[in-house]
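Order-wise, the sequence lines are chains H and S.
Note that numbering that gives the first Met the number 0 has the first sequence beginning at 0, numbered continuously upward.
Note that numbering that gives the first Met the number 0 has the second sequence beginning at 0, numbered continuously upward.
Derived by calculation from the structure, the hints in this document are not laboratory data.
As the structure is a prediction and not an experimental result, all values here were calculated from the model.
Watch out, some of these pointers could steer you wrong.
If you want the footprint, here are the derived chain H segments under chain S, 3+ residues with CB under 8 Å [as the list claims (entries may be wrong)]: (1) 65-71; (2) 97-106; (3) 113-126.
Okay, the calculated beta carbon distance ranges per label pair [what the hints assert, rightly or not]: (4) H/S22 <-> S/E35: 56 to 62 Å; (5) S/D249 <-> H/S22: 57 to 63 Å; (6) H/V88 <-> S/E35: 20 to 26 Å.
Sample of chain H residues lacking proximity to chain S, with all beta carbon distances greater than 12 Å (derived) [stated by the list, open to error]: (7) K3; (8) G8; (9) L10; (10) A11; (11) S22; (12) Q31; (13) D33; (14) V34; (15) E39; (16) D40; (17) A42; (18) G45; (19) R74; (20) Y130.
Where is the CB? At the ideal position from N, CA and C, for every residue including glycine.
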Amino acid sequence: MLLKQYYLGCLAHASYLIAAEASGQAAVVDPQRDVGQYVEDAARLGCWIGHVFLTHLYADFVAGHLELRDREGARIYLGAGARAEYPFVPMADGAAVRLGTVRLEVLQTPGHSPESISILVYDSASGSNPYAVLTGTRCSSATSAGPTYAPRLAGAPSGSPACCTTRCIRSWRPCGTRRSCIRRTATAHCAART
Amino acid sequence: MSRERFIDIVTADQPDTLAYFTYDAVLNARERPTLEQALERELAPPTLARLRELVDAGAQLVDTRDPPGFAGAHMRGAVNIGLDGSYATWCGTILDHERPVVLIAEPGREVEATTRLGRIGFDNIAGYLAGGMQPLDRAPELIERARRVSAATLGELLASAPPPLMLDVRTKREWRLGRIDGAVNIPLSRLAHELARLPNAWPLVVYCATGYRSAIASSLMRRAGRRAVTDLVGGIRAWESAGLPTASTDL
């Protein structure tokens, strides 16, 4: 499995490619709108990008989910609370997508925005503990991020700034998986930390 | 901890909500053209005559070169938002996404300038001036220059009578931590709405941390008709490096 971070300094935007070479499949999380770098890197690994996740509907940049859909045929995944004009797969707590031996499992982590999700990355080599968690802007620079500006979209749930405190950085699951068991906590707005 | 106290903590010191955030948040939920489709339409260089028509009709003229190049010569009415900084963020803050944008860039950086606006969903680019500033050689009446001042010279000006008015366009927090004494603070993100606070006829010197934001600010003010505007080269860092004093407020 390859997990690669792309960091765009001028927008402080990190995005991720997860490629499961054995299966020929790849996924991208929170892509920039210029998607060429993900497509080229995936192709070099013999993978096609069949899946694109947005951890939430970003306010500070336009994501490249439609670009990957139109160019690669990628399916779009958003948190179950999201509303959008385009077709997407709503991902509730515990929903997962498999890329061969790689499993991407969603945690609903509202707080920064109502529909925010985080993505646990499991690889067969990492055993039962997640190899990484991709948190969007749920946490940034090792602390819990503040709320984003959540405009009232038609039909969207109200975006109260601090609507949920159920997921703190210390325990990611009700069963008590500790942050120390997750080797990489990767956000959208700072460099990944090991 | 009460719910209200929790909300106070997580919302404390939140940065300003920038003008383009609502637009981008809504756009991420919408069907829209792809970046490739937008660039195919946008990467076309209008003639200088056509560019002038577009600007006269309300297009926003953005010069993406660095502040020294802009100050040396720029097209009248241009706002200087340089590519070598937080270009997209400041374009999103300063520009109106509903009005067309015309770009001036160093030759070879036109695609970069257009693509970086596409990353924040600004697809209303009416083109770029081919050849950078070169076409303006035939229209020198359109060229203006911007005044800049070194830290040492500013120190002398502030000691003279009457001293210029100092405008600090950094955030309130930056201003509190250390500023040139007597400087008025209007963060760049709010400047367009608060220009009326500043006396028009008084000589004004604008500064920020390094000179990037003040170049944007001074070009905005010149576009609004203020002529006696000067930009501090190198910002407050240059001022401090020259050993000149600053004031601060206890936080």
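So, going through the hints one by one against the coordinates:
For the region 65-71 of chain H, the stated coverage by chain S is satisfied: 4 residues place a CB nearer than 8 Å to a CB of that chain, which reaches the threshold of 3. Here's how the region 97-106 of chain H fares: 0 of its residues keep a CB closer than 8 Å to some CB of chain S, so the rule of at least three is not met and the hint is violated. By the rule of at least three residues with a Cβ nearer than 8 Å to a Cβ of chain S, the coverage given for the region 113-126 of chain H is violated, with 0 such residues. The given range of 56 to 62 Å is broken by H/S22 and S/E35, whose C-beta atoms sit roughly 28 Å from each other.
Between S/D249 and H/S22 the C-beta distance comes to about 59 Å, which sits within the given range of 57 to 63 Å. The hinted range of 20 to 26 Å is satisfied by H/V88 and S/E35, whose Cβ atoms lie roughly 24 Å apart. Distance check on H/K3: its Cβ is at least 19 Å (rounded) from any Cβ of chain S, clearing the 12 Å threshold; non-interface status holds. A cut-off of 12 Å between C-beta atoms contradicts the statement that H/G8 is not in contact with chain S; the least separation is 9 Å.
For H/L10, the condition that its CB be more than 12 Å from all CB atoms of chain S is violated, with the nearest at approximately 6 Å. Remark: the non-interface label on H/A11 conflicts with the geometry, its nearest Cβ contact in chain S lying 9 Å away (cut-off 12 Å). No beta-carbon of chain S comes within 12 Å of the beta-carbon of H/S22; the shortest separation is about 27 Å. Once the 12 Å rule is applied to beta carbons, H/Q31 is inconsistent with being away from chain S; the minimum gap is 6 Å.
Its beta-carbon lying about 6 Å from the closest one in chain S, H/D33 breaks the requirement of being farther than 12 Å from that chain. For H/V34, the condition that its CB be more than 12 Å from all CB atoms of chain S is violated, with the nearest at approximately 8 Å. Under the 12 Å C-beta cut-off, the non-interface status given to H/E39 relative to chain S holds; the minimum distance is some 15 Å. In this structure H/D40 is separated from chain S by more than 12 Å, as the shortest Cβ-Cβ distance comes to about 18 Å.
Listed as outside the interface, H/A42 is consistent with that label: its C-beta sits roughly 17 Å from the nearest C-beta of chain S, beyond the 12 Å cut-off. In this structure H/G45 is separated from chain S by more than 12 Å, as the shortest Cβ-Cβ distance comes to about 24 Å. Against chain S, the non-interface label of H/R74 holds: every CB pair exceeds 12 Å, the least being about 16 Å. Distance check on H/Y130: its Cβ is at least 28 Å (rounded) from any Cβ of chain S, clearing the 12 Å threshold; non-interface status holds.
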